[in-house]
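In order, the protein sequences belong to chains A and B.
Under the working numbering, the first residue of the first sequence carries the number 1, and numbering increases by one thereafter.
Under the working numbering, the first residue of the second sequence carries the number 1001, and numbering increases by one thereafter.
There could be a bad hint or two in this list.
[Unchecked claim] Only pairs whose alpha carbons sit at most 35 Å apart, straight line, appear in this in silico DSBU-like list of lysine-lysine:
# : chain 1 : residue 1 : chain 2 : residue 2
1 : A       : 164       : B       : 1053
2 : B       : 1123      : A       : 466
3 : B       : 1019      : A       : 790
4 : A       : 307       : B       : 1053
5 : B       : 1053      : A       : 520
6 : B       : 1123      : A       : 520
[As the list claims (entries may be wrong)] Now the stretches of chain B that chain A is said to cover, found in silico as 3 or more residues with beta-carbon under 8 Å:
# : segment
7 : 1172 to 1185
8 : 1327 to 1337
Derived from the structure by calculation, the hints contain no laboratory data.
No residue lacks a Cβ here, since even glycine has one placed at the ideal position from N, Cα and C.
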Amino acid sequence: RVVSGDDDEPIPGVNIIEKGTANGTITDGNGNYSIQVEGPTSVLQFSFVGYQATEQPVGNQSTIDISMAASVSELSEVVVIGYGAAKKEDLTGSVKAISTADFNQGSITSPQELLNGKVPGVQITNAGGAPGAESTIRIRGGSSLTASNDPLIVIDGVPIDNQKISGMNNNLNTINPNDIETFTVLKDASATAIYGSRASNGVIIITTKKGRAGGLSFDYNGNVAVNTVPKTIDNLSTTQFRDLYTERFGNDPDLMALLGDAQTDWQDAILRTSVTTDHNASVSGSIKDWLPYRASVGYSYNEGILKTSELERFTGNINLNPKFFDDHLKVDMSLKGMNIENRFADTGTIFGAIGFDPTQVIRDETEFAPYGGYFTWLTPNGQPIDIAPGNPVATLQQKTDRSTVNRFIGNVQLDYKLHFLPELHVNLNLGTDRSKAGGNVVTDPMGAFDFAAFQNGGANRRYDEKKRNELLDLYLQYIHTFEETDLTLDVMGGYSYQHFWREQTETDVFGNGNIRNPEKIERSENFLISFFGRMNLNWKSKYLITATLRNDNSSRFSEDNRAGIFPSLAASWNINNEAFLKESQTISQLKLRLGYGITGQQDIGADYGYLGIYTRGQTTAQAIGYDANGNPIFVQTIRPEGYDENLKWETTTTYNAGIDFGFFDDRLTGSLDGYYRITDDLLNEIPIAAGSNLSNQLVTNVGSLENKGFEFSLDGVLIQNTDWYWTLGVNATYNENEITKLTQVDDPSYKGVETGDIEGGTGNRVQIHSVGYPAFSFYVLEQIYDDNGKPIEGAYVDRDNNGIINDDDRYRYKNSAPAVLLGINSRLTYHDWDFSFSGRASIGNYVYNNVNSNSAFYNNLQVNGRFTGNTTTDIYNTNFQNPQYFSDYYVEDASYFRLDNVMVGYNFHEIFGGKWHARVYATVNNVFVLSGYSGLDPEVFNGIDRNVYPRPRTFLLGVNLGF
Amino acid sequence: CLSDLDVVPIDPNLDTADKVYQTQNDLEGGLAKIYAGFSVSGQQGPAGNGDLKGFDEGNSQYLRGYWVCQELPTDEAINGWNDGNLPKMSQITWGGGNEFIRSFYYRAIYQVSLANEFIRQAKRFEGQDGFDRVPELIAEARYLRAFAYWHALDLFGNGVPFVTENDPVGAFLPPPAGAIKGDELFNFISSEIKAILGENPDDNNYLISGSGTTIFGRANQGAARMLLAKLYLNHKSYLSSEDNQWYTAAKEELDKIYATNAYSLVTTKDAGSPYSVYETLFLADNQKAASEIIWAFTFDGQNAKSFGGTTYIINAGIGGQMVSTDYGTSGSWGGNRTTPEFVNLFDQKSPTDGRDLFFTQGQSKEINQQDQFTQGYAVTKFKNKKQDGTDGSNLSEGFADVNFPVFRLADAYLMSAELDLRLNNTVTAENLARINQIRTRGGAPAVTNAVVDLDWMIEERGRELYWEGHRRTDLIRFNQFTGGAYVWAFKGGNSSGRPVEDYFAVMPIPSTDVNANPNLTQNPGY
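Looking at chain B on its own, in the form it has when it is part of the complex (with noise of 0.2 Å):
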């Protein structure tokens, strides 16, 4: 009887490794599961078999994650609840014991840890009969590891833990991939995305290329060349020094971009919608712009349940006198609205814009209490409607079927702009016409060369791009983050703001990670 103990899983749902990949369709399976690690926390959605432990599953979805040390800790979002050390965010006195930070650190890890699983059981497969699509398969994995490598790299420096599927399962402990200011995940980054858009002669896993709704959801390579774009536009944060070399790089992205002619600004709405061009970029049927969404986050209000992702960002503002059947939920959370610096980037630097989305009856613009959401403007941009005004999928239970642009054409045009500055002190006309596109989709008047100077582009992106997650990385790119060149309510937790010291601009890496891992290093300052 003794061969009783030689167990397999009865479970329906579990299975080892030779069961579970059979066919290229299950390793699909495995793939789906480093994507849904972006919109849901866990194998049940909303709660329940969470993927990490120890933490509120809301709490810990990967964009709810992001978007908390990304807009919180900035001008375009303040946060209102009591939740532990949540107020902090917002107020940029964070330490190494955040919870907030924490959940979102492990997270991006998760994503590399599951790229890495992934990874080495595909390769398995390699070259086998009915396994063709592998390469492509693998090279997916290994942009979704090198973008969660991205946003660990841009928030807690090069001293993260550098794991690839070369490492073993087990109880080790990961080596940094470097100094704080090293260039180690950076090289990485770069190398990795280079080798699956075959830049590399010896490489031959290539992702996708084009766009549309088959593909704004899937690793493609715009999406790749944006996050290179990225990456090299905002070296200055990564490596000890500025250097030219890195903004022509970022250049020759973009421009590679707009030479597949895959994309375009969706400048036209279906007949008869509430909503303004602009805002149905922010809808539950944004797939629809799909030809300026380089890629998306996905979610689905009844499929990809979660307290985390658009769902939060739409629930979490929505308070005070607003009505949540408006924006397509029933929830109403109450945290989330902007402070006036903010608003000021319309009231006062472009008062006929049509982008703010605002909602203000009730709400004083001014914060004197964090905590009271009818202080501060609420912000609607993000709405679980479609274009024709029907709810999303979900209006009961309130979850969003809204997809996040992660990347769109529009900041691709805000960030060449910015290049141009940065290399030669002049937007170009292509450029600066292509700024006046977003303008003018967006509702606001054309501006000209005398006016966009790098001090209006930080203020464009906030126009543009507010509440998309994009907020930290650009006012530390401009020093606006920390010190005090640039203050808002609440910044340095103080209403009316004051400068904070500049180590903030790296977020801790989690004590507890530092404690299990002595092979980690606290990054400076904390």
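Next comes chain A alone, as it looks inside the complex (with noise of 0.2 Å):
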């Protein structure tokens, strides 16, 4: 029997030979073979394309079980590209797949993380450890603001909205990952412009796995995870907060008496250690030979470590794909189902517990009866105090946020070669994408954490979305090759018609029936409407040029500013094509890339932003007036919303030049890539002159900004040999961010437009977008420090020497964007054994420590003397009696490295009578993170640490079983 190396599924059809005679044979749709062969001597040869070669003495074995490895040769790999699929070799722009064999390893269970760390360029950074947590992918870093910077994602043929449904934070976790076949990461705009206004962000096409020729086989895969708590924040100890508070407050008795006996770890309160299991089976083959089928079920159930966060998921997937008229008439039929059962557990009960008193009992079950047992802080005369912090095991344990989100994308792409001319085809894709969400949150009428539901009896809030997108492709494509000239000419047209359409209910009232929130519906849609076309000229295999243009038109803008052009054109050489290398027994590859394109940015969260639109006010929110009475009459308001009638698509121009190498016939393969990307027309939020618009701020068109970096990767194998197999890869990046125009105000003065909200006091914002400087700086006064290296509290840098310490003293200090991205991954393989490993390092990226700017001061200690709160033991360090927002002291340098998995699995071969094959591993996530930062953890995307889920560290033991 043969089987991949990769995956252990059976390779059909591969060439069987004794060595030095004819006798031969091939594996069959389960791969496995029988041969006659002379006698102990014999040596076997199996070759395959796309796998190395390989070779086995029989010796007196009577079954021999071949693992064959993936070739590293790429060059004539398929990759899907926009419309479309073209062989690795005639790519023109800097286009990376990632296909099953590369993906991360491990507890696994939203698909961003099976490529984390894999390709240069792209970070990926998940929102915390929570299940089903969201991932913020970005590309090249972000080209925009406060428009989206999220890459467009293609699931088999289908756009998908970025537009997150509610009760799912995680867009992509709609499809299994062990479905996934392939990830195509188009990151210049040569590849990426054929999808236009929604490629600015780099495009991630993601395939899912089809059936193939050949008999059933089966496949099943589960794991059982434990998830552990990796860290938690230092806050002060019982005996610690005791000692501090006494020192401070010892000789008020008022203020003693808020302290309790207890020694409570909140944050130990409130974690745990958790468990998540993950079963997946599939059945995949073909009906006679024209319907190849896979079909597949998947079910996941995820503890989160805190407490009463947990996801259920179930997912279905089916792929059809059978061919008509003698292969002339191709259909892939896709349907993916998923449902959700998610119960999300308040996070902000982290922060609470970093600051929640650590002298309090977390239950008395007679003192606080009326609460269901939990501390709750009083009045004197015992009444809840209502803005006091909530006990954070109350808040988990009585409040219950359950949501079901069910979803089907599905999608029917129908190929036509024409009969009389098959050079062209026609290519018809009509997909769905649909969801529906409902969620309720139920507080418990002891609830007294929410102190209004408490007064009423527990509330009840229930929320329903529906989302409901739909997508018509149609494109034509003709190639031709003309043979004398050895040219081919690849020219494809089309059309597109999107249609995005969502509505949100909510209903939210009082256990006694009072209501707390009026009921509401929201409903919006948008159109983008688009006709595109591609010329592919290939020359000899060496010279190939590539140009696109598309044309899209978005509803989100006014007539005028509606329709947008995006070109691009890019040409490559093949250079181990040309004769002098073609028989070069060290260059096995050698390609120059050079593209440019436009692409464009509709994606700004307002469907009707260019229009004066008013809203209507609900019924808790009116005006008042009496009647001569004075009995009360309630008139609805209308409010008029700010709006920017010019506002236009944001386009970004990029250039890139790459180079793709093999050496010793692609035992070391690389890329190395330089690009420049100007965004102009940036569209960004920001805070308007007062009294020009309808708002305070706006999402309007306000400057230019410019990315350039490098992208360098290397992939080799460092050991061949019978015995062992050990790759290793390598990747780079490097990126530099700068806003180089801001419209808005011309004036040389102007300092930029504040964003990044911290926590604590109301509307602080300690990061800026200034021209000259990159994206999200922090905007932060200049910390004083003593002799002895202690932050002097209000103590700052008069850097415009005036006299007086204020705003204008403050200066842009860092921002969160890495300069530098690094990712390693290995694989070793001995025999039936294999271990590997995957790893980031982020170098240079800055992080405001919220947690602590936010928690460590004197005032923190006790509010009002009527209740107390914790800090973290940063108070050491700072001595601060009020909170110090600003200081610099707070952005710290948080480069890290985490070693994301470490995996090591064993395979047999012979067990049920030699038919199946079984495969056990371990894998540990997150294995361990190295970084100076003092929070919690480094990776926190946009560069503000506040109330962060920490990242479970992850033990997991999984087999693999199948025929």
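Using the supplied hints, reconstruct the complex from the two chains, each of which is provided in its own coordinate frame.
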């Protein structure tokens, strides 16, 4: 039996020859073979396209199982690109394909995790360790400010809406990672421009596994994982807190009376070690020869390490890929369904636990009986204090926040090769993406942490959301090779219609029937209509040119600004196909690429940003008059919304130059890309001049931004022999970001647009977008330190030398984006054993430690003499009495290295009579993090660390079984 | 299919201008938004879909923002919360980055923008059939705009951005009204009010007149004259010099209010009410006091929910051993109380006064620590209770029904007496009688001309009008806000109080707007 070394899938059609003879055979649909050989000295040779040929002496064995390693040569690999596919060799743009063999392993519930650290220029940050947490993907830094920076994601030909549905934080969770065959990451504009207005932030194309010709095969994959809490925040222990509190308030009996007698570690009380299980099964095969199919089901149950949080997911996936009329009509049908049951835990309890008085008990059944036994801050008269922090444990236990999400993505793609002109294809793709989410947030009547609910017999909020996106793509493609000149012409032109529709409804009532929030209904839609074309010229497989043009029309802009034209041009030169390299033993691949293109951005959140629209007020926000008897009369209000009628596309121009290379028969391959991207008419939500519009902030086109950088990747096979196979991949990204123009105000002294909301005070921001600086630069005051290196409270450098310390003394200090990202992954195989790991490093990313800035000051120890609060141990470093939100003391270097996962596995070949194959493996995820950052976790998207759900460390044991 | 791109909102709550305004009734909804802008902070209430972005909705509610600016920096109130730069509001140590000043600034200018937009839309219907009330609606909007501009002028000076209905909506940079002590905004407010009072020959958009519950929540002639009188009385703070002509003008406006005979002091209460007559002015059913309350911001605990407004004034003033249900609320936010110096205006200056509504049990009079609610007497002037002692409409959520008296007759009476003193150094017999009506109603002994001088007037204004949002403006007029003539606990950041520099009399234009709009100039000192 012959299987693939990557995924243990059987390989049908492998050529097996007895060395030195004409005696041979091929494997059947299950990878099985049998051959009669001369004797023990015979040697079998195995070969198959895409795999490395291998030899095996027969010896005394009667069964010889072979695991074939995938060939490192990627040249012949077919890569999915926008509206079509191309051989890797023929690509002109910066495109990276990642397939099953390269995926990260371990406890993976969301597709993003499969490729984290694998592709240079792609940064994936998950929002924390919550089950199903959101992952943010950035390709080559963000090209925009407040408009979306998310890449376009296309699943089996359906571009999906980046807007999330309530109850599902991670949009990609629709797809079971086990069903994914490949990711293709399109990075430069020459590759992405065919997607026009949605492609400024790159494109990720996901294809799911399909059925193969051959007999039935079955595969099961299951694992169980234990998630542990890797680290908690350093807050004061009970003793430390009591000592510090006594030191400051020891002579005030009223304040001392606030302390309790318990020793409670509140972080420990809300966190737990949890268990995750995951099961997937698939069948695939082909009915006759014309209907390949694959069907899979998946189930996973994921408990979060924050108590009460859990996620249960069912997925189903059916792919049918029949062909008709002598393969003239190809049909690809893909149906994906998903059901998620969530229970969310209030992540506010994480910061709540850091700050909750450690001398108080968690529960006291008698004293706090009216509050379900949970400790509650009370006034001297015994009523709960409405503004006191809620007991974090009570918040988790007395609030049930559940949601159910159902989603269906389906499409059918018909590709018809004309009978009379087979060089012309017509491709029609009809797709839909529908989801429905519903949730309930129930607050226990005794839940004093929600004071208003407590007063009203509990609360129940119900929300429902529906989304319906429709897609129609139609394109024609003509491919012709002029034999006499060896020139291939590939022309494609098409039309695309997309409609995005959503509706949200909500009711919010108290347990006693009173209405908490009036019933809400919101509906919105937008349309995108596009025309596109592409031409590829390939001369002798040496010189390649690609030109694309797309015209997009979005309903999010006024008629005058609606149309966007997005062209691109790219050329590449396959030097290795030139005569002087053709015979080279050293250089097996060498390609130069140059590309240019323009892409756009219309994902601004608002569907009617250019229209002056009016919002009717709810019944709870009315104007009040009185009749002659003094009885109130309520009048519904009509509010005009701020708008910018000149709102237009944001455009990004990208220049890219790259080189792909391979040495020693592609045992060592790699690529190097340099890029330069300019975004004009940047869309950003900015504070606008008071009085100029009907809001204080507005989304408008404000200026220009540049990103430039390099990407480098290197993959090599370090050892390859009959016993050992060892690969190592490394990649590096360097990106530099700078705002070059802010047009809102044409004034050299214009400081820029403040951003970066923090916890503490109201409306305080610590970042700024300024000309000449990276976006999201921290905008803070320069702390002065005493001789012992301790920050002096309120003492800052008077940067404008005017004798007063005020806002004008703030300066731009570092930013949250890493300058350098590194990825490393390796895999080692020894006979039936394999071992792999992957890790990432981020260098030069800074984080504002909002946990410390909003906690570590003495005023936090007690509030108004009515309740107390804990702080982080940073208070010993600062001795701050009052919060110092704008001190650069809190901006820390958060460079880190994270070992994402380590895996060891063993493959069994001869079980159940040799027909089955099996594999067991163990992995550790989030193995360790090396960083000088003082907070919980240095990986903080956008650089403001406030309420991060700790990322668990996961130990997993899995099994894979199939035939 | 390209026509699909011409979208119109499909949300039942959203409409374009041509759809939303079709009848006169629709226009009332637009005007209602300007009124609601003084009471709630967004379209949902108490929070959600806020009018201003990037602010906590409670903090950015109009009255709360105004109260924080007008009361916290004075002897009448001190706040103990550690929210960001809030302690500095009580200490008069703020800067251009202060988020509490910023939120009120944007709120005030937002009211102007709302009014401008409404006037623009309403003008389209002027003279059309079925739109007979449009001139009146426009007059109301002009009053509300002038009122918000007056608050902006009083707090931030003449250098605030100046926009009217004639300016476009868009990304432009509004010019300031003028230089810091210029007269542009002052003149604009004055001429606008005169126009809607019918004092310009060619203007026929008039305000409603009279008094009573149907009127006291709406822009009316009495309120317009009060606004003019306030503007003129405080002209010294706005213009470059003091000029008696403005005092005379203020006196004339007040006299016109009295001449209508529409108003009278409230001197009786419902039988069996546990509250004093004075207290009934600040209760959940204080629309019953519409004969005295010339104009109010109206509130309702169920239909206009907000974490600002009188909900804030009441809830933030409850803490320590106070029982919140005694005040018709469930909230006890434990923030605001008063200074010992203010208590002394009663204890030492008017010891038998019935207007001293303090809660003292468990509270010390002196304040050593700003953040301790139990230091400083609590103030129980505003209560979400009806005259009969029953609770307001939303006890359980703690949202108040109490209307906030912006202008009331007692204030007018005290202003008239003060104008007598400023013009003639003595109070007329008529105005002395008015002072004594107020005092008697409040349970304080009558006074004679011998004690009534300007020093006494500022104290009496405190005793009658405390926590009603007048104090900062009043102290500035009497030269007691900045400098060292009068200090109180935590003025200047010191527990016993110390002088502060004069530039604090005008607040800084928020640095965010100075930054966003280079046409603006920061006020001196900041």
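Taking the hints in turn, this is what the structure says about them:
no. : hint           : result
1   : A:164 - B:1053 : 22 Å, holds
2   : B:1123 - A:466 : 40 Å, violated
3   : B:1019 - A:790 : 62 Å, violated
4   : A:307 - B:1053 : 33 Å, holds
5   : B:1053 - A:520 : 20 Å, holds
6   : B:1123 - A:520 : 32 Å, holds
7   : 1172 to 1185   : holds (count 3)
8   : 1327 to 1337   : holds (count 6)
Going through the hint list in order, the structure does not satisfy hints 2 and 3.
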